[in-house]
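> Single-letter residue listing:
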Amino acid sequence: MNHWYYFVDLFAKVRITFVDWLQSVDLPSSLIIFLDSIIGITLILLFVFPLVMIFTWMERRFIARFQLRYGPNRCGPFGLLTPVADGIKMLMKEFIMPAKGDKLVHWIAPVVFFTFALMVFAVFPIGKGKMGAFSDLNIGILYVIAIGSLSFVGLFMAGWASNNKYSLIGAMRGVAQLISYEVPMVLAIVGVVLIVGSLQMSEIVGKQTVPFILLQPLGFLIYFIGGITELNRSPMDQVEADSELTAGYFTEYSGMKFVMFFIGEYVNAIAVAIIVTTLFLGGWKGPFLPVWFWFVLKVVAVFMFLLWMRATLIRLRIDQIMAFSWKFLLPMALINVFITAGEVLIWDTWMSSWESFPWPFIFVNFAIAAGLIIVWARVFFKLGGGRVEVGGYRARNSQGYGADPQAPVS
Amino acid sequence: MELKTQPFLLNIGPQHPSTHGVFRMRATLDGEVIVDLEPMFGYLHRGIEKLAEGRTYTQNIPFTDRFDYTRSMLNNLAYVSAVEKLAGIKVPERAEYLRVIMSEMMRIAGHLLAVGFMTNDLGAMMTPLLYMWREREKIVDLFEMVCGQRLTYNYVRIGGVSHDIPPEFLPALKKFLKEMPGYIDEYDQLLATNEILLARTKGVGILPADLAINSSVSGPMLRASGVKWDIRKADPYSVYDRFDFEIPTGTVGDVYDRYRVRIAEIGQSVRILEQAIEQLPEGDVCAKVPNLLRPPKGEAYSRIESGTGELGFYLVSDGSIAPYRFRVRSPELLNLTVLRDISRGWKIGDLIVIFGSIDIALGEVDR
Chain S
1 MNHWYYFVDL FAKVRITFVD WLQSVDLPSS LIIFLDSIIG ITLILLFVFP
51 LVMIFTWMER RFIARFQLRY GPNRCGPFGL LTPVADGIKM LMKEFIMPAK
101 GDKLVHWIAP VVFFTFALMV FAVFPIGKGK MGAFSDLNIG ILYVIAIGSL
151 SFVGLFMAGW ASNNKYSLIG AMRGVAQLIS YEVPMVLAIV GVVLIVGSLQ
201 MSEIVGKQTV PFILLQPLGF LIYFIGGITE LNRSPMDQVE ADSELTAGYF
251 TEYSGMKFVM FFIGEYVNAI AVAIIVTTLF LGGWKGPFLP VWFWFVLKVV
301 AVFMFLLWMR ATLIRLRIDQ IMAFSWKFLL PMALINVFIT AGEVLIWDTW
351 MSSWESFPWP FIFVNFAIAA GLIIVWARVF FKLGGGRVEV GGYRARNSQG
401 YGADPQAPVS
Chain R
1 MELKTQPFLL NIGPQHPSTH GVFRMRATLD GEVIVDLEPM FGYLHRGIEK
51 LAEGRTYTQN IPFTDRFDYT RSMLNNLAYV SAVEKLAGIK VPERAEYLRV
101 IMSEMMRIAG HLLAVGFMTN DLGAMMTPLL YMWREREKIV DLFEMVCGQR
151 LTYNYVRIGG VSHDIPPEFL PALKKFLKEM PGYIDEYDQL LATNEILLAR
201 TKGVGILPAD LAINSSVSGP MLRASGVKWD IRKADPYSVY DRFDFEIPTG
251 TVGDVYDRYR VRIAEIGQSV RILEQAIEQL PEGDVCAKVP NLLRPPKGEA
301 YSRIESGTGE LGFYLVSDGS IAPYRFRVRS PELLNLTVLR DISRGWKIGD
351 LIVIFGSIDI ALGEVDR
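First to last, the sequence lines map onto chains S and R. Per my numbering, the very first residue in the first sequence carries number 1; after that it's consecutive. Per my numbering, the very first residue in the second sequence carries number 1; after that it's consecutive.
It should be emphasised that the hints constitute simulated quantities derived from the structure, not laboratory data. There could be a bad hint or two in this list.
[Claimed, not checked] DSS-like mimics (lysine-lysine), calculated; alpha carbons at most 30 Å apart, straight line:
1. S:103 with S:93
2. R:297 with S:165
3. R:4 with S:100
Just chain R, with the same shape it has in the complex (with noise of 0.2 Å):
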């Protein structure tokens, strides 16, 4: 006998709780497996493009803490790289170096929030989240330090960085490095081994590399899917150069390697933060800049490796103290026009982890 059945529509989002913000997912299913996928966007749309070409150079770094909320002292790099692009501004040793332990501080506290909320959306009651909150309290306690904020730094200036950090502030980093591989182990003790984690991961949602390289995927997500791809060592900018790292890949591009990769790129960011404190120079943290800086006439690409993929702004001057275009390459917006061909054919609980995988903030996504 032959049951009639008919797919219907489940509408996920703008209000669910794993959506990571206001996304919609307009899911066609057949039963519980996803026949068709629907992203929509732009729940979260602020119009900060447009609002950046009323505003002077400086005046736009906050805006760009309020692109990705768990990266914010990327984005402000990513921008003011741009900015110093387009200006010509050479920035001081020591302020670059700066950058890059914020970067890497940066980048270790989204990943573990990409984790965490990734075994959250498996169904893990809070549990490995709330210990991987543990570590991203001391980073964010850190730059708190620095910049006496905890969410939306705005630390980076045009020309080098706000102000140098305090005398207490690198004895608290190297405590905080020394703590972190053993704490990396106690995640893996946690998760790495947990057969309904492997049984809920691997092979979920797999993102062959062609498609990938295709759908401009960048970051973590791409290096899962076997890319060797990472703009601090393709295209580096800033001091990445003089650092030994490696890229972390995955082989198979599912859920798992995503997971893996992150957690293997926190241990690298451990290791770039050692060197840089050990070849931290003396001397200025910011370049002599005007307060109303009038760029010349041109155009500027500038991108970075963000925590989820490159990061790029694009800015053209006409000569004024605003830009006249202010575009923003986000990586988390790419990474998701991935998201209905790597998800059709799992099922509901599936979709919400290969979205959790793919680690994006609406702040970003929306702009």
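So here's chain S without its partners, still in its complex pose (with noise of 0.2 Å):
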């Protein structure tokens, strides 16, 4: 455990080594917390920006190659100084602040989105042990969902303080996005909290002796769509799609104030790749590489996933994204949350004895899984499809029309 190549432990140690010399030096107790938490913030910004980089560069590479192009290919060998590149260039922008728009809640919307999209890290067990995490708190699950919903307050302050009426949509369709998701969100991850018996992250990378992925084949599905809604990522990128709301809530920002949104959307990509590495895939496990190597792995395996499908998909439509969530996966959810409180009773029960894992249960809940998937995508579709009705409008419109065509007129 003592290598080199154990970086992640190293920044803990870092970390560490720094508070016992402060101690043996004696300053008073809250200078100490202090300036620990400065060096803590550090080093989760050193892990966080080169991650961004990568990610940056990654998608514009990738998503070249689906679309069959070079992608950047100037800067650095194969384009991996274009981050550096752009952010340069962000950085010498004009700041534009639209005339009429808040001024003071223009200033602060970036720096609240990028706080709190950062502010996640804090829990996130990137290493073994209590080493990996900034701070292992007992309610980890529980802060990153609290934290996580937060930043959706700096992308409405910036809609709102844009005094642009396609910033303002874009935010509100942020927050009616947020308000959906966020239920059958924290619903899956209810079902792994009850398997673990614990709100720690630690302790949920802990006791997955198999991925939790095979035991909670719904529960990845459904936070895996609710992460891709609160990234706003393609198809759900409702927030800022850009052919309708040219860039959504972000339109009249510029400069350095818009790198932080931009940086704070991708450092937000790393935080739910993170969380459904740590809830679904087993967080760092994995057999013979470093445990940094296997996290880093998975989580951009996630990522890799998310830009495949922003490559393919196309968008869908505000009510559409809606529907989906309250009759689809909310109910999915629900049902998923009962199946698997039935299953850990039936474990503690009966089963204890066991020594093992529960592999019979994979089978049981992938079976569950693609046949409530199936039945219920049968009855969704008889609800309407996610085509909801928008009122009088359209059913004056569609009245009579289209339904029979004329006869060719030749």
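Both chains are given apart, each in its own frame, so use the hints to dock them into the complex.
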């Protein structure tokens, strides 16, 4: 465990050495806590920012390959320095402030967005044991849920302060999406929490003798779809739907303020990838290779899947996204919680003599997930397939139109 | 409890990523729903109809390239056939066939762009567009082989075409035609049964056949509404009566039907091209036409089936070297006039898709 390449543990060691040194010079404890936080934040940034740069580069290169293009290849080998060039360009851009916007809120919004996006990283178990996380809270996943949705406050502030209708519509869509998708997402997490019996992130990873995706296939799907929506990524990128709202809530942003939104979105993407990895894919666990390698590998794989979807799928309409959440994901999540609770009960009552992993539940859960999805999808399409009626307008317009087209006139 | 709401005005365009140029829509919205819509034209008005009255008949051909710049070849053909009708010029047969070949290639390229940009408006992150761009690029390469240009071709001339095709053109075209059905299957795999695409396009923006006819809509938009009207069949120009092809029609007239009709027409164009290559005769490619053409006094209207509909040119001659009146019947402008009727009651996202499915280039709408 003491190899140099366990560098995530190295982060924790640096921090502990620093705190020991502070205590030895006999500083007041409040100052020590303050300085400790600062070095902790610095270490998190040192982990997150390189990952953001790699992810932006990956996004361009891979989507370019999906689209029969080369992608950026001028800056450095394979265009690896493109994020740096981008950053320099963005820093030198002019700040543009809408004339009738709310100046104060317009300035605060990106800070709020960025801060809350970054705060989530405090509890992620990046490596083994308590060393890996900045602060291994015993309510870790609850903290993630609470802070993760707070960054939408910054998003809505940006939409409101820009005094631009596109921004406002984008921000309103964002809030509506958040409210709709937070419920099934949390219910999907509840399934995992029921099995583990703890909210602590390191405990959740520790209990996974096999990845929980096998025990919770439905929960994984629901959380992943909800995560895509929270990230505003295709096919759920209604918030910044570029063909409809130009750029959504950050239409009026430029320069460094735009960069904070831009990086904040990638930080959010990393956060969701890490949560999926931690809850469902076994976190840092894996054979032979160092833990940080497994962790980064799984995060990158989840992000790759996001890219694949973004390059392939078409954007859904806002009412379809809402309907999908309330009519499809929410009932599924409730049923999933119910079934998981029953399984945990069965396991504790009758099968507690089994020392090993509850492998029969893997088959049962996959069968239940497949059956439920097939059956509920039929019901869902009977309910309108996400094509929600928009009141009288559509009824008036589609009455007699198109249902029975005239015979060909030649 | 009843919340008090009020509709608000949203200005979409003239600078907006998906208005296909500088089109402007003043939309009155109730939340996300379009209550009313006012299309505004004229941001790209260049006065070409007036400019054309000061130039000779031959000098006017490059102007027509600038109408619908994704279908320059078809615009050239429409104008030139009006001049030929006015002056009574007989076109050699080889030239007619070359015109048909160029027209159908142009139609494929235009439809590929139309479908590609429609998926872009649906939010597909450029992927289907770039796959379709790959085939358009091959067509543009062929055009470059013929006339040296990649966007504004100026290839069709009064009395024929500007020059004969090079010997390597026909093998390259045959190779392309052999590959094209496979590519169409590839697009279908990506799009045709995609559930999100079906949910976004089926039943959206329905244009009923009677409204289409009353609004003088033409082209794939009209055919998607179930009306079997194609000028290549209804009023054959050039040598179109010698080819065997079908007119694909839709049933409902929604965005999905427009997309399907365009894809089906690409297949029919491939069929026409295969026949045209087989029948291509030897001979002259241009009739003897005086440099300064002075058509006799009179008027002529000639129309062709452009990629977007009936593209017509109405010319009046006073016997001089320039047309007295140069009038364009622009299909894209007339197709746009139904936008308000078919997009009311839908959401902003649908409005963009419906607008994209009409397939316009502002160069032709505003002229």
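> Can you list which hints this structure breaks, lowest number first?
Of the numbered hints, just 2 does not hold.
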